[in-house]
Amino acid sequence: MMESQLVEYKATWKDEYIKWICGFANAQGGTLYIGVNDDGSVVGVKDTKKLLEDIPNKVREKLGIVVNVNVIEKESKLCLEIVTQPSPFPINYNGEYHYRSGATKQLLQGVALTQFLMEKTGITWDSVLMDDLSIDDFRDDDFQLFRQQALKSGRLDEEDMNLDKSQLLENLGVVKKGKPMRAAMMVFHPNPEIWINGAYVKIGYFESNDDLRYWDEVHGPLLVQADRTIDLIYTKYLKAEISYDGVTRIETFPFPKAAIREAVYNAIVHKNYARQIPIQISVYPDRIYISNDCVFSLDWTAETLMQKHRSNPYNPNIANVFFRAGYIEAWGRGIEKMCNECRKNNVGMPEYTLRSDEIMVCFVTKHPIGSHNLHNNRTITAQKLPDTVPVVVFKTYEAITANPYATRKQLSEELEVSERTVSDCIATLKKYGCMVRIGGNKGGHWKIITE
1 MMESQLVEYK
11 ATWKDEYIKW
21 ICGFANAQGG
31 TLYIGVNDDG
41 SVVGVKDTKK
51 LLEDIPNKVR
61 EKLGIVVNVN
71 VIEKESKLCL
81 EIVTQPSPFP
91 INYNGEYHYR
101 SGATKQLLQG
111 VALTQFLMEK
121 TGITWDSVLM
131 DDLSIDDFRD
141 DDFQLFRQQA
151 LKSGRLDEED
161 MNLDKSQLLE
171 NLGVVKKGKP
181 MRAAMMVFHP
191 NPEIWINGAY
201 VKIGYFESND
211 DLRYWDEVHG
221 PLLVQADRTI
231 DLIYTKYLKA
241 EISYDGVTRI
251 ETFPFPKAAI
261 REAVYNAIVH
271 KNYARQIPIQ
281 ISVYPDRIYI
291 SNDCVFSLDW
301 TAETLMQKHR
311 SNPYNPNIAN
321 VFFRAGYIEA
331 WGRGIEKMCN
341 ECRKNNVGMP
351 EYTLRSDEIM
361 VCFVTKHPIG
371 SHNLHNNRTI
381 TAQKLPDTVP
391 VVVFKTYEAI
401 TANPYATRKQ
411 LSEELEVSER
421 TVSDCIATLK
431 KYGCMVRIGG
441 NKGGHWKIIT
451 E
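Residues in the sequence shown are numbered from 1 upward in steps of one, following the working numbering.
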């Protein structure tokens, strides 16, 4: 039998091997064999009687736990078998926390140690209570987006929608002893950066690694960040190929929206906010990188992520709110969904890179769309607009052309963007001389300039 997660071989006993017992206790338990070389060959132990007395006493003194020490016979030689059960609480060796991962012992430090201690004590980062925040500090309209999305997803019913903010937070499990948890603050408070620096998203457009053309920051509660980030990516950062099926306009983006949405939501939900570094999204003509600080189990790899696995969110309370709002699933199927969308749209599979405290996913398109064929069916008037103008500006122009009396609210609903985005688009169209306003806000209309 080879060494594994549950088995370790040592030729002779040394007191420092109590660290290995500590690692077994902090993980899944395991057995340490004394008198066996690393390759599994048996060499035996001479002083078994003395070790039967010394080892249990030294382990109890150093670690405060009891292990079973047995004499066994292997290939006609006596060996020792030290059986360690997994501990429900953290075990330290002279103040150090060791952990068994695969066939190795690791010394836990930094973020990994913090995560280990939180898991062992049943505390998560997002469950910590906010002593300087009360339920009264939340505004009723802070919950509007959640109510809309949760009702649409069917994961909450009409009765739940009528709950006041206090009852809603209670039902979502983000309040304890009358105090909001960090999860409540992060998801619903209009400015979580009061408490957590770096709780926002940065998006940048790069022509090359050293050529950043423009960038944005998305702030606010996490649910709002999720919506605004996707809105920005697909209205400002990605160029669509335009075609027509009869009179129906068809926009084809280089990356499937469902896959990018899933990746962005995963980054927001699973981010290690304690690092206080914003999520970073780098958009290139042919690829997108989405990077965030994250904490994984020691035995996880990029390959593990791509396999079927159970959902184990780093921020389970934040994840629950996103699930109730219909943003994510609760079965660990997010990556599988991304892969399926990429296959359907003939886009390369997402490529994951895992570092000690960071995860980055990259999407590469097989068919990058350059500015030369963007909006190649625009009208003569719309050609006044430069190619660098976001796609949503052209959409706004076409919508107003079809209905010059449309209000900002109507345009917002038709284009599925915020009214603020519509206002920005109208300002751009006026700047480039595409249209002017005739009359006031009420009863007036837009005049398209056709010269």
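In case anyone wonders, no lab produced these hints; they're calculated from the structure.
Honestly, I wouldn't trust all of these hints.
What the hints assert, rightly or not - Straight-line alpha carbon distances no greater than 30 Å define the calculated DSS-like cross-link-like pairs of lysine-lysine that follow:
1. Lys120 / Lys152
2. Lys152 / Lys366
3. Lys74 / Lys120
4. Lys10 / Lys120
5. Lys202 / Lys177
6. Lys74 / Lys202
7. Lys74 / Lys50
8. Lys176 / Lys165
9. Lys165 / Lys409
10. Lys120 / Lys179
11. Lys337 / Lys202
12. Lys50 / Lys10
13. Lys58 / Lys10
14. Lys409 / Lys366
15. Lys14 / Lys77
16. Lys430 / Lys447
As the list claims (entries may be wrong) - Between beta-carbon pairs, the in silico distance windows are:
17. Lys431 / Ser153: 36 to 42 Å
18. Leu163 / Arg355: 39 to 45 Å
19. Ala258 / Pro386: 27 to 33 Å
20. Asp132 / Asp160: 27 to 33 Å
Built from N, CA and C at the ideal position, the CB exists for glycine as well.
To test your reading of the hints: which numbers does this structure violate?
Numbers 1, 2, 3, 5, 6 and 14, in rising order.
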